[in-house]
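**Q** Each chain is listed here by its residues.
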Amino acid sequence: MAVVAPTSIILGVGSAIYLEEYAKKNRMTSFIRTNISNLAGVPSVVFGLLGLTIFVRALSLGNSVLAAGFTMSLLILPVIIVAAQEAIRAVPNELRDASLGMGATKWQTIVRIILPAAIPGILTGSILALSRAIGETAPLIVIGVPVIIQFLPAGVMDTFTALPMQIYDWSSRPQQEFQAVAAAGIIVLMAVLLTMNSIAALIRNKFQKRY
Amino acid sequence: MTTISPIKIKKEIQPKEQHDIKKSVYLTKQLNLWYGDKHALKNIDLDIKEHEVTAIIGPSGCGKSTYIKTLNRMVELVPTVKTSGEILYRERNIFDSNYAVEELRTKVGMVFQKPNPFPKSIYDNVAYGPRIHGIKNKKILDEIVEKSLRGAAIWDEVKDRLNENAYSISGGQQQRICIARALAIEPDVILMDEPTSALDPISTLKIEELVQELKKDYSIIIVTHNMQQAARISDKTAFFLNGEVIEYDDTDVIFSNPSDKRTEDYISGRFG
Chain A
1 MAVVAPTSII LGVGSAIYLE EYAKKNRMTS FIRTNISNLA GVPSVVFGLL
51 GLTIFVRALS LGNSVLAAGF TMSLLILPVI IVAAQEAIRA VPNELRDASL
101 GMGATKWQTI VRIILPAAIP GILTGSILAL SRAIGETAPL IVIGVPVIIQ
151 FLPAGVMDTF TALPMQIYDW SSRPQQEFQA VAAAGIIVLM AVLLTMNSIA
201 ALIRNKFQKR Y
Chain B
1 MTTISPIKIK KEIQPKEQHD IKKSVYLTKQ LNLWYGDKHA LKNIDLDIKE
51 HEVTAIIGPS GCGKSTYIKT LNRMVELVPT VKTSGEILYR ERNIFDSNYA
101 VEELRTKVGM VFQKPNPFPK SIYDNVAYGP RIHGIKNKKI LDEIVEKSLR
151 GAAIWDEVKD RLNENAYSIS GGQQQRICIA RALAIEPDVI LMDEPTSALD
201 PISTLKIEEL VQELKKDYSI IIVTHNMQQA ARISDKTAFF LNGEVIEYDD
251 TDVIFSNPSD KRTEDYISGR FG
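Listed in order, the protein sequences are those of chains A and B.
Just so you know, the working numbering puts the end of the first sequence at 211, numbered straight through with nothing missing.
Just so you know, the working numbering puts the end of the second sequence at 272, numbered straight through with nothing missing.
Pulled out of the complex, with its shape left as it was, chain B reads as follows:
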């Protein structure tokens, strides 16, 4: 694990005032969620700022994936899910009955744990989003595809093989295709659910670098099992345990000076 020297902490903490000026993209208030009888998320309050990387860490089954899936309401695909409380996305409650879930998901892209390209060509994968939203013009599609692939730092690797099946490239490349696919709908937020857990270290590194790049234009929420990863790439970290947020603060504070004993135990590897 990277040890953070006191001097560095000081430097990092200083722009904190600026953080507070940043607008919230997601404001979660008293969110509760049940899978049938199982109370999976308990009274979650989180304020996620724009243009930051927010990492969610915690042991398996603590609700971190559930939480991130709640942010774009993918969790509702499980039929027994019930929720209470509210999540304000750009000041609008996503559970509002007149908030179309498709509209929300157009603004909130998602990258999944396992690379899941469609069994189509690389081009068609990236063009899928724009196409379902009604863009048919070949020229515009070409531009979007190139821009998204560049955005996901994979254009140079695949520009000559856009018509090949997306399954013909490596897992790390597939995952970046999936990121490009998410970028193609020009989202505002990108949710990443353990995007590197199925990848080798070099691909992981590439994705992490990419996250740093993407942060300039997007707000990123990333669930990760890997604490070093959270420490390396995130600005804020939330520690989940048994469906509750134990601690939520600047990443440097969480990793150097956590205020809760359980956070300290977890990040120092005593359990989890």
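Bound conformation, chain A alone:
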């Protein structure tokens, strides 16, 4: 999470700003736009394979937190970009005109007017995307994350596992104790997911209809 959130939000919002505010509207950019939406629908296993090739093998990060984090970021990046694009597009053009009309540069307009107005939408989309990443296991299995670990990872280069995988492993063991642990794990996972989704809903409601 500590890796996924910053990587995907910074890259995602950056791409959305570029696509909406700077890129010329031509066939190339509309091709890119369409394909970002397509990427959002690609099965997560495929992203796992990509992560395995690039991060684990080519950049030799191994099956570490970092490699998995980057893979997860790739997975949710399209969702974040699309959400951020929508949010930026929803900022009325009148606000852009007003800011530019006072001699503000494009960058000042983006930082001071457009992003503040778009932030609720961006946050909502990002949180929903992140809560999807928490539940994902397929890409992690592909990049070779061990199914279960018995100790806490110490840093970003350590090996680790994901809660859903841990739960799967625990619940398939015959011993009674593991059943209880699995149930606890499920509750933790669900609590985190529900919290994140309700934060997203709260932000959306709070900032709705500001202009």
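If you are wondering where the hints come from, they were derived from the structure by calculation, not from laboratory data.
Hints are supplied without guarantee of correctness; some may be wrong.
[Unchecked claim] Cut-off 30 Å, straight-line C-alpha distance, at most; resulting in silico cross-link-like pairs (BS3-like, lysine-lysine):
no., chain 1, residue 1, chain 2, residue 2
1, B, Lys206, A, Lys24
2, A, Lys106, B, Lys147
3, B, Lys216, B, Lys206
4, B, Lys114, A, Lys24
5, B, Lys114, A, Lys106
6, A, Lys25, B, Lys38
7, B, Lys82, A, Lys25
8, B, Lys38, A, Lys24
9, B, Lys49, B, Lys206
Position chain B relative to chain A; hints supplied.
**A** For chain B alone, kept in the frame of chain A given last:
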């Protein structure tokens, strides 16, 4: 429509000689503008003087909004726009490649058709311009905000609620906040693109009174659909039709004794 008596015309025409001494703020020479293939402005020649209210009238789609947006180069936000000819602002061509568009827009404030305050507090709205130009000192900002709000004749109405969101006040007040916001960067010219078309009559009246006040310190160019408004508040009027300037003269002359048949038809409401 206000009928202008002959005596009044005489009185108004007399200071005409003084008008001619006034310096030009905007001198447009052979301006042409295309949106893609559409020829939107054709050979515009206009000489706009300082400390006057210049009204631009004409039917929808005649290019009047396009023209006013060309004056601060906002029109270039439309990607397919091409221009030729020149517009001299204080004797400098605004299309010069070394004329930074931000510099031009700092001197030329703009008020838009629909009130468009930022979704921020009233204070932050007015302080936006000074802030982007690097003023951080709270005291100076306070002074600018007060001065601008007074200038826009809205200080008394909002002085106790400067921290409220600008969307919490009425449309007419919002538009005056937008005028205050434009004043805060101490412009030289104020462009107004149908500033009252979204407002009720009383708010409109307030804005019109304000324009008369502002004229002392600023040059104002106003696009309006409302001919009575042009007659009431402007010194000069330009009549646009299909991208051309049909007639440009003192407002009294345009409304009492237009030299072109089309102007007469338009102001008497026969078309448009």
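**Q** So, for every hint listed, does it hold in this structure?
**A** We went through each hint and held it up to the structure:
{"no.": "1", "hint": "B/Lys206 x A/Lys24", "verdict": "violated, 42 Å"}
{"no.": "2", "hint": "A/Lys106 x B/Lys147", "verdict": "holds, 27 Å"}
{"no.": "3", "hint": "B/Lys216 x B/Lys206", "verdict": "holds, 17 Å"}
{"no.": "4", "hint": "B/Lys114 x A/Lys24", "verdict": "holds, 27 Å"}
{"no.": "5", "hint": "B/Lys114 x A/Lys106", "verdict": "holds, 21 Å"}
{"no.": "6", "hint": "A/Lys25 x B/Lys38", "verdict": "holds, 19 Å"}
{"no.": "7", "hint": "B/Lys82 x A/Lys25", "verdict": "holds, 17 Å"}
{"no.": "8", "hint": "B/Lys38 x A/Lys24", "verdict": "holds, 21 Å"}
{"no.": "9", "hint": "B/Lys49 x B/Lys206", "verdict": "holds, 24 Å"}
In the structure shown, a violation is registered for the earlier hint numbered 1 alone.
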